[in-house]
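Residue numbers (the working numbering), protein chains in the order written: chain A, 1 to 361; chain B, 1001 to 1153.
Careful: at least some of the hints might be erroneous.
What the hints assert, rightly or not - Distance condition first, Cα-Cα at most 27 Å in a straight line; then the derived DSS-like pairs of lysine-lysine: (1) A/Lys172 - B/Lys1072; (2) B/Lys1069 - A/Lys296; (3) A/Lys28 - A/Lys172; (4) A/Lys296 - B/Lys1076; (5) B/Lys1076 - B/Lys1064.
Worth flagging that the hints you see were computed from the coordinates, not collected in a lab.
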Amino acid sequence: MPGIYRRILKWLDERFGAGAVEEFLRHKTVPIHRHSIWYYFGGMTLFLFVVQALTGILLLLYYRPTPNDAFESIQYIVTQVPYGWLIRSVHSWSANLLILTVFIHMFSVYFLKAYRKPRELTWITGMFLLFIMLGFGFSGYLLPWNTLAFFATKVGTEMAATVPLIGPWLLKFLRGGEEVTGATLTRFFGFHVAVLPGLTTLLLAMHLLLVQRLGMSVPPGVERAIEEGRQPARSMPFFPNFLLRDMIGWYAALGVLGALAAIFPWELGTKADAFASAPAGIRPEWYFLFAFQTLKILPAKILFLEGELAGLMGFTLAGIVWVLVPFLDYKAGFGRVTRFFTGLGIFALGYMVVMSALALR
Amino acid sequence: METPGRIPNDGVQSRRRWISLLLGSGVLASIASFVYPAIRYMIPPPIGESTSRSVVAASVNELKNNSGKVFKFGSKPALLVRTPDGDYRAFTAVCTHLNCTVQYRSDLHEIWCACHNGLYDLSGRNVSGPPPRPLESFEVHVQGEEVIVSRSA
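Using the sequences and the accompanying hints, generate a full structural model.
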């Protein structure tokens, strides 16, 4: 066996160049310090994304994206198809855990200031990936065509209509017409299974390439401690040492997903009816709750603006600031302590947590 | 000093620039001609609004006092309310805030949107919560056994 293994390696080496693959794998090391735990969340997010892609492909075998068939096809998947309940529940649970790990990854990178020069583009591609993951969540939520999804989509797309100038155009583009109908379902299906996966592949390749090229960031505090000789600079090779640790996490995640799917199967709800009232207690998925609660609290008019437009503008502005944070907080790149941005992060996290808690009351 | 038969250098330059301009605008025009239909394609053609100006919303004995019903009026949902006094009122059921479908709350004697907790009174006026405008109201007539709702002229 070792003979064959060596011969295959030699064969590959002759084609890829002297030890290129090995060099690529050996290039990356993972620093060891008291914040090292946060390095796991990027890999965990990637793993959950792979779970989403695989279970998504399986769901595609039976799912039918039309208003007459969508709800029934999922009913069929979870009641008739062998292990359909498992695949569907894992897809839903993994989606939610994925959003959670994306946010943990983003906030840990933010607070450890890993966006500092030269990692601005890593941060920006990461932020766009986060927006795309929210897009996956929003578009995928409609696909079962149940009541909750129907009204969530009505509200979410109506928000787009408040955008100045292009709002009405955007609304029609998203809904495939004036109202949320079968046309909307078809579009969201297309976004969910074609447009967003394509964009993700592109951005993810850039994101990973940058991580590979620039290596892992060491937090400023740890960096200073190493420079002042208070702490040794320790690291481990990414391959295979850190990857094996990653894989232990992934294996555990698979177990958690299976358990969640078996113990708390994802509900399907009732089929959407365009001529029924919105049910009491309606609310969006947990990761949109902070925005939902903001909309609920905002009055009809703020100065000369409609309440929801003011809210939308606030969130858009916050999003732009967040994407551009490596440039706004450029002083952190020179090793300066920038407490303002740490405070801003705490405020943002606090706002999201408090608003979500209020919405759950 | 110009050598006969030789094109001066800036002549070549300006001719190059001219050709680049032609080529560039040609390429831009063809890109535009590809992109324009694609963008127009994304917006579906308008569906003819239902011309029906009135619809049978319910039968006379269907609604008790202090209750409401959502019915289909053209392509949109509408709400028929029978007040505690037995009067009929009809409004669009589309909340003016963010498009959810409202319902009649018999405990509040008001019209309520479950999505963001908006309230309207029995004249359709937005009285509390985020809705920015009142609900559009319709005319209600009782003809024989039928409750007929029609758009105000």
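We went through each hint and held it up to the structure:
no., hint, verdict
1, A/Lys172 - B/Lys1072, "22 Å, holds"
2, B/Lys1069 - A/Lys296, "25 Å, holds"
3, A/Lys28 - A/Lys172, "47 Å, violated"
4, A/Lys296 - B/Lys1076, "24 Å, holds"
5, B/Lys1076 - B/Lys1064, "24 Å, holds"
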